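A.B. asks: Going by my numbering, the sequence shown runs without a break in its numbering and finishes at 133.
Simulated from the structure, these hints should not be mistaken for laboratory data. Predicted, not measured: the structure shown is a model, and the values here were computed from it. Hints are not guaranteed to be accurate.
To be verified - Here are the computed lysine-lysine pairs in the DSS-like style, where the Cα-Cα straight-line distance is at most 30 Å:
1. 92 - 18
2. 20 - 84
3. 92 - 20
4. 18 - 83
5. 84 - 15
6. 83 - 20
7. 18 - 84
8. 15 - 83
9. 15 - 92
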Amino acid sequence: MPVFNAHLPSGRFTKDQKRKLADALNQSLVQALNLPQEDRFIAITEHADGELYLHPTYMDMQRTESAIIVSVMLGPHHPLENKKRLAASINKLVVEAVGLSPDDIFIAIIPVPRENFSFGRGELQLEPAGANS
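Given these sequences and hints, build the entire structure.
C.D. replies: The structure is reproduced here in structure tokens:
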């Protein structure tokens, strides 16, 4: 049920690289959290000049003009160790897939209660048992 949003600078990634990025993000869930391969919900958005801002050296990083932002909405039940594994896996797999520097990948893990996800039909399939409708 995690949902990825990847924000890329426009024109820096080919269609094939975007597919590889999506595959890497999905694989990070499989490796780090042991989630099924089919749990794949990923949006990739390109941003024109003047629409994506990542400070080039904040936190002692050396970011290039190809730096990206990856956010992932994830159930709040995951402990810190899982989130650390996920962040490391995202970084490693994206570097391998599209050739970015490890400094070029900003990751935000956003906890979202499971009952806030609808997989379709306007239903909240993961609402807690016994919850009021």
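A.B. asks: State for each hint whether it applies.
C.D. replies: Evaluation of the provided hints:
{"no.": "1", "hint": "92 - 18", "in the structure": "holds, 16 Å"}
{"no.": "2", "hint": "20 - 84", "in the structure": "holds, 22 Å"}
{"no.": "3", "hint": "92 - 20", "in the structure": "holds, 13 Å"}
{"no.": "4", "hint": "18 - 83", "in the structure": "holds, 23 Å"}
{"no.": "5", "hint": "84 - 15", "in the structure": "holds, 29 Å"}
{"no.": "6", "hint": "83 - 20", "in the structure": "holds, 22 Å"}
{"no.": "7", "hint": "18 - 84", "in the structure": "holds, 24 Å"}
{"no.": "8", "hint": "15 - 83", "in the structure": "holds, 28 Å"}
{"no.": "9", "hint": "15 - 92", "in the structure": "holds, 20 Å"}
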